[in-house]
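Visitor: Each chain, written out:
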Amino acid sequence: MTVQRSLIIGGAISLFFLALATLSLLWVPHEVTSLAIANRLQGPSATYLLGTDQFGRDILSLLMVGAQTSIAVAVAAIGIGAGVGVPLGLLAATQHGRFGDELIMRGNDLIFAFPALVIAILITATYGPSAFNAILAIGIFNIPVFARVTRAGALPIWTLDYILAARVAGKSKLRISLEHILPNILNLIIVQATIQFSLGILAEAALSYVGLGAQPPTPSWGRMLAEAQTMIYTHPMLAILPGACIMALVLGLNLAGDGLRDQLDPRLERTLK
Amino acid sequence: MTASPRLELENLTITHEGGALVSDLSLKLAAHRITALVGESGSGKSMTALAIMGLLPPGCSAHGSVLLNGTDSLLGLSDRKMCQLRGRKIGMIFQEPMTALNPVMQIGAQVAETLMVHRITLNRRAAMAQARAILDRVGLAQIALDRYPHELSGGQRQRVAIATAIAAAPDILIADEATTALDVTTQQGILALLKTLVAADGMALLLITHDLAVVASMADEVAVMNQGRIIEKGDAKRLLSNPRDPYTKALLSAARPAPKEPQPVSGETLLSVEGVSRIYPPKRLGLRKSEPFVAVRDANLTLKRGECLGIVGGSGCGKSTLARAILGLEAAQAGKIVLDGTQVHPKMPLENRRHLSIVFQDPYGSFNPRWWVGRVIAEPLDLQNVTSDEVTSRVATALEQVGLSPQDAQKYPHQFSGGQRQRIAIARALITRPDIVVLDEAVSALDVSVRARVLDLLKSLQKELQLSYIFITHDLTVVAHMADHIAVMEHGVIVEQGPAHQILSAPKHPYTENLLNTAPRLAAAPQKRTVS
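Protein chains in written order, with the numbering used here: chain A, 1 to 273; chain B, 274 to 805.
Everything labelled a hint here was simulated from the structure, so no lab data went into it. Only a predicted model underlies this, so the values are computations on that prediction, with no experimental measurement involved. Do not rely on the hints blindly, as some may be mistaken.
[Said to hold, decoys possible] Pairwise CB distance ranges, derived in the manner of DEER restraints:
no., chain 1, residue 1, chain 2, residue 2, range
1, A, VAL3, B, TYR553, 57 to 65 angstroms
2, A, LEU15, B, ASP419, 28 to 36 angstroms
3, B, SER351, A, LEU23, 54 to 62 angstroms
4, B, LYS468, A, ASP262, 55 to 63 angstroms
5, B, LEU328, A, PRO183, 34 to 42 angstroms
6, B, GLN500, A, LEU23, 56 to 64 angstroms
7, A, PRO183, B, THR670, 42 to 50 angstroms
For each residue, glycine too, the CB sits at the ideal point set by N, CA and C.
Using the sequences provided together with the hints, build the complete structure.
Guide: Encoded structure:
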């Protein structure tokens, strides 16, 4: 079996950032909470590989811990979205054409009808800015995405003969959903998860940028960008580095998602007869 | 008629990654003649058609020579050159009329498109007028140009597809299984239309099919393909009545299974269907409500132990809906179904479900592709009180009963051929030791030689296990081979039922008579076509 090239490249980029984030849990070159104004705004050197910011913090360390924040927020948001959305989608598919289906899907539409970022701002403005509230806000908007993908994937499978065979055997809809439907649409859900992952990274960066995500002193790519903007002409690297990280990780995740979709597509497994 | 052939294939070889899909194929298509290319799936007949059209899938290459009208070589032409020939010189009709038409384009525009693309008319108005004339020719005079494909029936759609294929008056028409997806009565109409068009326009028709009965009623010449080679070719009448090659002989005998000898079935009544109706509730369409749809009306049937009941009818006649009610999947709105003294309904106890099982048509959609075969077969036992050791031994027994080996339980469904998959489906149906097996078009998707073996298997299992079958099909040869008793359905109503030999030899209802008359039959001698 050949592996899609976009999956290899995207996977490598994503895993690189994941490795950075994991490493930052155990070790960083310099403590990110210790300020050393004397060393502020230094260029790259042997001690500070990517230089220091206006408070004398090591930028490489900030980026590493920032990756950890971004990834943690995005993954937790996917957990909320998929954890609620997938069961909802499966349930809607079993109720297809009936009131339950309508109720779930119109509820979804209702969430879709609000601009996600504005609601996230509302939540964080009401309950105070924190990483936890950012997770909650992003996660809620992941729910309808997963519910839709799940339902759309499940409906055609419900019409297949092996589902009818399972019903002849007397199996309940719940059991059929878990035994037959879910394993057959898992590829769709995984691909959607990688896409939501990259959107989650962007959303976290945006919330932090406007000061509603992770709070100081927790480093975050979005806040690094916000803090760098007053110095963008004198010290452009302060903005470019976190910006490049966001871009690279989002690009990597999108490539990986694309590659995964092609890789998991069963139609590609079939060879020409 | 010794005019130069319209299309001449010589030593055509098609290879894919080193392996030959078609080797050394030589064939001539003459004007006014219908040449049939017959073979089972995978024999290379569709590949041959695609090679002629220059539409081989990537990775395939064709060698040899394909000559159009004696001079123009088609192989190795650039795609731009081929585009000018496709549709203009060579038309093609496909099996599935729904996917061959563009669903968002009006039918008149689709026919006119061919005319405009080939610059036969550049004026849109004139093209539409010509499209009207062509649609009239294919028997769609009543259908407006601005209808969409989904508003038409399967047969009408196939007529539109034919209209687009003949719009530019091509020299050659290729029909690839063009009637396979249609009902027998519809099929008859399409075949008659093709015959008329060939006679009138002098096209050379290449009829690609697996159905020897269609060949018998249509073709002037036949070429039989097996594993990429032409095994035997010649005059249709001669070849069908006196085949020389053993493969052709086997194919012919498999295609006409002998009708079952009438024999009395003495078993007790196992299942009775009394006045059953299946009515779908009205649908809400905006503010209006549709009428309730009656899929089955007042059906009465009985099935004895060891008997095979055939239910025959065209698509949409309600036969599968009735089967679902009998299986207890959907509730009947009127009447009752009694199995061995207990009533069948969707909420019946699991213990009663064990007596009923089903085998489906599609050997590809019948299994969860992510389960290995052993689990697939054992699924009906999941909710029964059976120990895991017994499940393993019963799976092994079932596999042996259907002629597979117990080791096959470790494989995945996609590792099996169509016929083997159908055997797996039968094994799954037998695992609960049922009394009644519903066979819903169970052999319709199989090649004739595979079909003959599966039918043999079904018959021997029936004897061995004292099974009763409900055999649902549109194919009269098969039902004659299997059934003791036949019920004919039309528009949800059982119009006629009785002993099989009686229904088949002396039908009383006009619909049954029509079914019997329109089904192309192999036994019938090929009719001589008059060529002007």
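Visitor: Now tell me if each hint is right for this structure.
Guide: Taking the hints in turn, this is what the structure says about them:
1. Between A/VAL3 and B/TYR553 the beta carbon distance is about 48 angstroms. The supplied range of 57 to 65 angstroms is therefore violated.
2. Checked against the hint of 28 to 36 angstroms, the pair A/LEU15 and B/ASP419 fails, with Cβ atoms roughly 56 angstroms apart.
3. Under the hint 54 to 62 angstroms, the C-beta atoms of B/SER351 and A/LEU23, about 56 angstroms apart, fit the expected range.
4. Under the hint 55 to 63 angstroms, the C-beta atoms of B/LYS468 and A/ASP262, about 46 angstroms apart, miss the expected range.
5. Range check, B/LEU328 to A/PRO183: about 36 angstroms between beta-carbon atoms, so the 34 to 42 angstroms window is met.
6. Our hint of 56 to 64 angstroms for B/GLN500 and A/LEU23 holds, since their Cβ atoms are close to 59 angstroms apart.
7. Here the CB-CB span from A/PRO183 to B/THR670 is close to 28 angstroms, at odds with the stated 42 to 50 angstroms.
When each numbered hint is compared with the structure, violations occur for hints 1, 2, 4, 7.
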